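Chemist: If you want the building blocks of each chain, they are given just below.
Number of protein chains: 2
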Amino acid sequence: MAGTNTARGTLPDTAPLGPAVILVHPQLGENIGMCARAMLNCAVTELRIVKPRDGWPNPAAVSAASGAASILENAKLYETTKEAVADLEYVLATTARNRGVVKDICTAEAAAKLIHEKNAAKTQKCGILFGPERTGLENDDVALSDAILNIPLNPGFSSLNLAQAVLLACYAWLTADNPFKLMEIERSLGDTEPAQKGDIENLMGHLEDEIAKGGFFRSPEQRPTIMRNIRNFFFRSGMTKQDVRTFHGILSCLAGKRSWK
Amino acid sequence: MAGTNTARGTLPDTAPLGPAVILVHPQLGENIGMCARAMLNCAVTELRIVKPRDGWPNPAAVSAASGAASILENAKLYETTKEAVADLEYVLATTARNRGVVKDICTAEAAAKLIHEKNAAKTQKCGILFGPERTGLENDDVALSDAILNIPLNPGFSSLNLAQAVLLACYAWLTADNPFKLMEIERSLGDTEPAQKGDIENLMGHLEDEIAKGGFFRSPEQRPTIMRNIRNFFFRSGMTKQDVRTFHGILSCLAGKRSWK
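Protein chains in written order, with our numbering: chain A, 146 to 406; chain B, 146 to 406.
One should not assume that every hint holds.
As the list makes no split between identical chains, a pair holds if one copy fits it or if it spans any two.
[To be verified] Listed next, the in silico DSSO-like pairs over lysine-lysine satisfying Cα-Cα at most 27 angstroms (straight line): (1) Lys326 to Lys258; (2) Lys258 to Lys196; (3) Lys326 to Lys263.
Note that these hints are calculated values from the structure, not bench results.
The model shown is predicted, which means the values in this text are computed figures rather than measured ones.
Let's have the full structure, built from the sequences with the hints guiding it.
Modeler: Shown next, in the form of C-alpha cells:
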C-alpha cells in the first residue's frame with residue numbers, strides 16, 4: 146500500500162495510514178473539493194470516487210479544495226462501489242438512519258478505534274463509504290460493508306453536509322491516535338519562564354510591607370489570615386518571572402503614589 | 146441560565162447545557178449561518194456575536210443555517226468581546242497558532258471535558274471564542290480567556306473554515322458526554338432476531354448430510370476437522386433466524402439440483 150498515494154508526501158513519515166474515503170456518486174464538485182480539504186486537515190489522504198455525477202476531473206472540486214489539490218490529483222475513479230472496495234479488507238458505511246439491516250452500528254469514535262486496531266494488527270486496509278448528498282448510501286452499497294458508521298448527533302437536528310460528515314469521521318480517526326498532539330493540556334510560556342516559589346515569596350514580602358505601611362491590617366490578629374489568603378491566590382495563579390517583576394513594579398508605583406498624597 | 150435561550154426548545158430536556166459559542170467580528174453572514182447549523186447538530190444552542198462586519202440580522206446567515214434559524218433568532222449581539230464574556234465564568238479562546246502568551250493550551254477534547262466538569266461541579270457558565278475568518282482572534286481577545294483551545298490537525302495542512310472549527314469544538318463537547326448515544330457499537334437487527342445456537346447446529350446437520358451425499362468428504366478421518374472449520378465460520382458470523390432459513394433453502398436448492406444431474 147505504501148507509495149501508492151503520493152498525497153502522503155505532504156505528511157510526516159510517522160503519520161499512520163488512514164482509511165480510504167470512498168465517495169459514492171457525489172453530486173457537486175464543490176463538495177468533493179471540500180471533502181478533500183477536510184481529509185487533509187486530518188491527515189487522511191486516500192480518496193476514491195464512484196461515478197461522480199458531473200464527471201471527473203471537475204474544476205469546481207479543485208477550487209473548493211483550497212490547497213488540498215494533491216488529494217484530488219491522486220483520487221481513484223471507479224464505475225461501481227463493488228470495484229471501489231474490492232481491494233479493501235474492512236469497510237464501514239456511513240449512514241444517518243437505521244437501515245433495518247443486520248449489521249453493527251459504530252459511533253465515529255468506535256469506528257476510528259477499529260480502524261487503528263486493524264491497521265496495527267495486520268495492516269488491514271480499511272475504507273469508509275459516504276453516499277450522495279441528497280439521498281445517502283443505497284442499501285446495495287450498505288450491503289458491501291462490514292459495519293455501519295453513525296455519527297451520533299442531536300436527534301432533533303442531524304443535518305450534516307457531505308464534507309462535514311467526512312470531516313467528523315476523519316477527525317475521529319485522527320483523534321483516536323494523534324501523532325501531532327503532545328499532551329491534552331500543555332502550558333504555553335511565550336518568552337518567559339515560570340516563577341520560582343522564592344520569587345513569589347519575595348513578592349509577598351514586598352506586598353506585605355507596603356500594605357502594612359498603608360494601614361491595610363486593621364488588627365495584628367487578622368494579619369496572618371489575610372496574608373494566607375493573598376498567598377493562596379498568588380501561589381495558585383501560575384505566575385511567570387515576568388509577572389513577578391510586573392507586580393513588583395505595580396507595588397512600587399502605588400506605594401510611591403501614596404507617599405505623594 | 147435555564148430558559149434564557151429558547152433554542153433549547155429543540156432539544157430533549159436531558160440535554161446538558163453547552164458552552165456559549167462567541168463569534169468575534171465574523172465577516173460573512175453565510176459563515177454565521179453555517180456555525181449555527183454546526184452548533185445545533187451538536188446540541189449547542191447559545192450563540193453570541195461580537196460586532197459582525199455586515200450588521201445584524203443578516204439574511205445570508207438565515208439561509209445558510211438551513212433549519213437552525215432558532216439559534217440565530219436567539220443569538221445575542223455585543224459591541225465588544227469584553228461585554229460578550231462578562232457573565233461567563235470560564236472562557237476558552239480558539240486559536241490555530243501559538244500566541245506566545247502564558248496560558249494553558251487544551252485540545253478540543255480536553256476543553257470539552259473541562260467544560261463538562263465545570264458545568265457538573267457548579268454549573269459554571271463556559272464560553273468558547275472564535276475569531277474572524279481571515280485573521281483569527283486578536284491578542285486582546287485571547288487575553289480575556291482562561292485557556293486556549295487548539296484543534297490538533299495535520300501540521301502540514303491545518304486549514305479549517307470558521308464553521309468547521311465550530312463544528313469540531315462543539316462535536317468534541319457533545320462526544321465527551323453524549324446523551325444521545327447508547328453504546329459504542331450496537332448491533333442493528335432489522336425485523337429479524339439472532340439465531341439460537343441450536344438453529345445453527347440444525348443447519349450444520351443439514352449441510353453435513355448434503356455434502357456427505359455429494360462426496361465432499363474424501364476420507365472419514367477428514368470429516369470432523371472439516372466440519373469443525375465450517376462450524377467455526379457459521380458460529381462466529383452472527384447469523385439471524387432469517388439467515389438460517391435462507392441457508393436451509395440454498396442447501397435444499399443445491400441438493401435438489403444435484404439430484405437432477
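Chemist: Each hint should be assessed against the structure and marked as holding or not.
Modeler: Evaluated hints:
1. Lys326 to Lys258: For Lys326 and Lys258, the Cα distance is within 27 angstroms both inside one copy (17 angstroms) and across copies (17 angstroms).
2. Lys258 to Lys196: neither (30 angstroms within a copy, 42 angstroms between copies)
3. Lys326 to Lys263: both (22 angstroms within a copy, 24 angstroms between copies)
Against the hints set out earlier in the document, a violation occurs for number 2 only.
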